[in-house]
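Enquirer: Given next are the chains, with one letter for each unit.
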Amino acid sequence: MLINPIKWGKLTIILVNSETMMSAHDQNHQTNNDNSDENTTHFGFQTVEKNEKESKVASVFHSVAQQYDVMNDLMSFGIHRLWKRFTIDASGVRPGNKVLDLAGGTGDLTAKFSQLVGREGKVILADINSSMLNVGRDKLRDRGLVQNIEYVQANAQYLPFEDNTFDVITIAFGLRNVTDKDMALRSMYRVLKPGGRLLVLEFSKPEHELVNKAYDFYSFNILPKMGELVAKDGDSYQYLAESIRMHPDQETLKAMMDTAGFEQTSFKNLTGGVVALHKGYKF
Amino acid sequence: MFAQALSAVIETLINQFLKYNLSGTQALKPLSEKTLTVKLAELPFALSFSVSDEKIHVTTNDEHSDCCIITSIKTLVELKKEQQLTDLIKNDKLDIQGDLKVAQHFANIAETLDIDWQSELAKRIGDIPTYKLGKIGAKLLKKLNFATTQIQADASEWLVHEKRLLVTAAEIVSFSLDVERAEQKASALSQRIDELINQQTKLS
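These protein sequence lines map, in sequence, to chains B and W. The numbers in my numbering rise by one with no breaks, and the one at position 204 of the first sequence is 1503. The numbers in my numbering rise by one with no breaks, and the one at position 31 of the second sequence is 162.
Think of the hints as simulated: they come from the structure by calculation, not from any bench. Be a bit skeptical, because a hint or two may be false.
[As the list claims (entries may be wrong)] No farther apart than 35 Å at their CA atoms in a straight line, the calculated lysine-lysine pairs in the DSBU-like style are these:
1) B:K1438 / W:K160
2) B:K1567 / W:K221
3) B:K1492 / W:K186
4) W:K254 / B:K1567
5) W:K205 / B:K1438
6) W:K186 / B:K1567
7) W:K224 / B:K1492
8) B:K1438 / W:K150
9) W:K170 / B:K1553
10) W:K254 / B:K1438
11) W:K170 / B:K1492
12) B:K1504 / W:K333
13) B:K1492 / W:K232
14) B:K1567 / W:K170
Quantities reported herein were computed from a predicted structural model and do not represent experimental measurements.
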């Protein structure tokens, strides 16, 4: 695979040769529990060509990047901060650790990790979307967090890092947007150090049917309208709701992590299963 | 999630206090990248306090710490009296693992916090409103103290004299004296009985 890093200040843009990327992509076997064939995948409720999903997801996040934090607070009533705090607590991160905050977007986790790993540690904020990465970089710089953070534009399926690099990898509300989740999990496993852990924070399936129904109503009726009002983009938030429903449930994602090679995998439901934190180790 | 909510609130409060501390955040320097974990009997999770970038971060992760204190809130209050430290450890009310200096540094920071609340308030709402608020606050505090004392006095009078649910101190003293006298009489009687039994045994 050809990887061409371009340094732009502290932002490193990794350009992956598209042909090589596609070739590697085609070799991968789709093992998600959806019914899509090898060349198609889901974009919300739509079935699209695999090579289309990336650009479609990209356009969603280019569109919502500026309002992302405001919308997160509005949509989750601020609870996303506690979900992220829970992830940080579960990471066991300590001074000197090297952390990869994958699909890190506007840098909520990176900000905290940066302070916890100290001067000897390092946090890489990686996101496939340049708009999200720019918003994150500006936000963190405004908060004076510069010394141990690096920014990398990268695809989770083809992580541009050496094997056994990170002590902790987190991917918060990002995995469901990845075209080939199995491939991304294998890529994360590769760059994780032995003894390191992966934390996947993602929307999941509510445990109780009543909560599920209320959640459906909220997601499909209220959420897109909020998106329309605040971010002037109802379609992107419609996709958000749909992509949550298409994401593997707790047990399926755990099985996918097992298949990717992670050990001692477990998950913890948060807010009745609206969100779940999956944890897995590499030994 | 309660653990995360609580740790977030504690973290915000601590860092706000540190921000307003007159001696600044200098005291945090020796604790840079150090972690103190506190495990309280009343809480089902640990609270870890890590210092970094002149801030204290509170997490519920206890996987690694430089010093770990295992105790209860009640014992923490007692800890203010330094001489009790050894007694508390001996009585298994307090367990300290790791570098004790880290715990001492954290305790020093708490003790040396010096915040000029009036100046801080004046920066936000102005001098005159702060002065007025200060006066109202002092008046309220005085009234509150008076009310507390009055309520205590009234309540004890009502319980002791009106409802007769409690006894007075004089009654307790009198009762104790009566018990003491009865005890002495019983003891004398017991002694007399013993003597009579001995005499009876000798005669027979």
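Enquirer: Take the hints in turn and mark each one as holding or not.
Expert: Here is what the structure says about each hint:
no., hint, in the structure
1, B:K1438 / W:K160, "26 Å, holds"
2, B:K1567 / W:K221, "39 Å, violated"
3, B:K1492 / W:K186, "29 Å, holds"
4, W:K254 / B:K1567, "45 Å, violated"
5, W:K205 / B:K1438, "42 Å, violated"
6, W:K186 / B:K1567, "29 Å, holds"
7, W:K224 / B:K1492, "40 Å, violated"
8, B:K1438 / W:K150, "21 Å, holds"
9, W:K170 / B:K1553, "31 Å, holds"
10, W:K254 / B:K1438, "27 Å, holds"
11, W:K170 / B:K1492, "30 Å, holds"
12, B:K1504 / W:K333, "94 Å, violated"
13, B:K1492 / W:K232, "33 Å, holds"
14, B:K1567 / W:K170, "22 Å, holds"
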